[in-house]
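Based on the sequences and whatever the hints tell you, model everything.
Last residue of the sequence shown? That's 211 in the numbering used here, and every number before it is there in order.
Calculated from the structure, these hints are not laboratory results. All values derive from a computational prediction rather than experimental measurement. Some hints could be false.
Here are the computed distance ranges between Cβ atoms for each label pair [said to hold, decoys possible]: (1) S146 <-> S63: 44 to 54 Å; (2) R58 <-> N128: 21 to 31 Å; (3) G86 <-> Q133: 14 to 24 Å.
Note that beta-carbon positions come from the ideal geometry of N, C-alpha and C, so glycine has one too.
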Amino acid sequence: MLLSDPIVYIIDDDQAMVESLTWIIESIGLKTKSYTHPQEFLDSYDPQQHGCLVLDVRMPGISGPELQTRLNTEEAPSLPIIFISGHGDVPLAVRVMKAGAVDFLTKPFNDQILLESINKALRLDKANREKRQECAQIRAKFALLSMREVQVLQGIVAGKPNKVISAELKISLKTVEAHRASVMRKMSVRSVPELVKIVLTNSMQETAEEE
Numbered sequence: 001m002l003l004s005d006p007i008v009y010i011i012d013d014d015q016a017m018v019e020s021l022t023w024i025i026e027s028i029g030l031k032t033k034s035y036t037h038p039q040e041f042l043d044s045y046d047p048q049q050h051g052c053l054v055l056d057v058r059m060p061g062i063s064g065p066e067l068q069t070r071l072n073t074e075e076a077p078s079l080p081i082i083f084i085s086g087h088g089d090v091p092l093a094v095r096v097m098k099a100g101a102v103d104f105l106t107k108p109f110n111d112q113i114l115l116e117s118i119n120k121a122l123r124l125d126k127a128n129r130e131k132r133q134e135c136a137q138i139r140a141k142f143a144l145l146s147m148r149e150v151q152v153l154q155g156i157v158a159g160k161p162n163k164v165i166s167a168e169l170k171i172s173l174k175t176v177e178a179h180r181a182s183v184m185r186k187m188s189v190r191s192v193p194e195l196v197k198i199v200l201t202n203s204m205q206e207t208a209e210e211e
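Pasting the structure below:
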């Protein structure tokens with residue numbers, strides 16, 4: 001699945017700042033959508049949309065860090081965030097960076113630094129979405145395996161020879177070989193190292209998503 005063109009979302013309760021940010025970002029050919037309140041963004045945001053978020057720290061109602069927390073707890077993957085602030089609050093900057101923010105810029109900031117941070121955030125979002133798409137495809141292939149094929153796969157990933165798998169599952173060696181060939185075909189791989197790699201990669205991605 002191809003990713004859509006990225007959108008840079010801007011949330012700031014200062015309309016003049018929104019207009020300034022919009023002009024800077026669109027000057028390099030990027031699309032923007034702007035909001036003066038986080039709730040407006042939440043009401044219209046499509047989690048499947050590729051992009052990043054330029055977010056003010058202090059706003060009435062929902063603050064920037066509160067929005068970050070809310071996005072991080074959603075089932076859908078959250079956007080990479082670049083925080084902008086009129087105050088050099090170091091403890092806050094450390095907190096939001098630990099929570100996954102790409103950058104924390106203090107107003108007034110250099111336009112080029114902002115654009116570099118945005119490009120970094122867009123690259124990160126693209127890479128994350130491509131990883132999730134790849135893992136979704138792998139999980140779809142896993143779903144095609146029978147219970148016996150899953151057992152044989154587990155033996156292969158554990159590095160067990162066919163004879164050992166045969167003895168443990170109490171099935172003939174030919175049956176193990178047949179299941180092994182079926183697993184390779186359904187998983188669209190040509191070698192055992194390739195099979196082990198995608199299984200382990202998928203397991204690591206699922207662990208990261210749970211955390």
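Query - Violations among the numbered hints - result: 3
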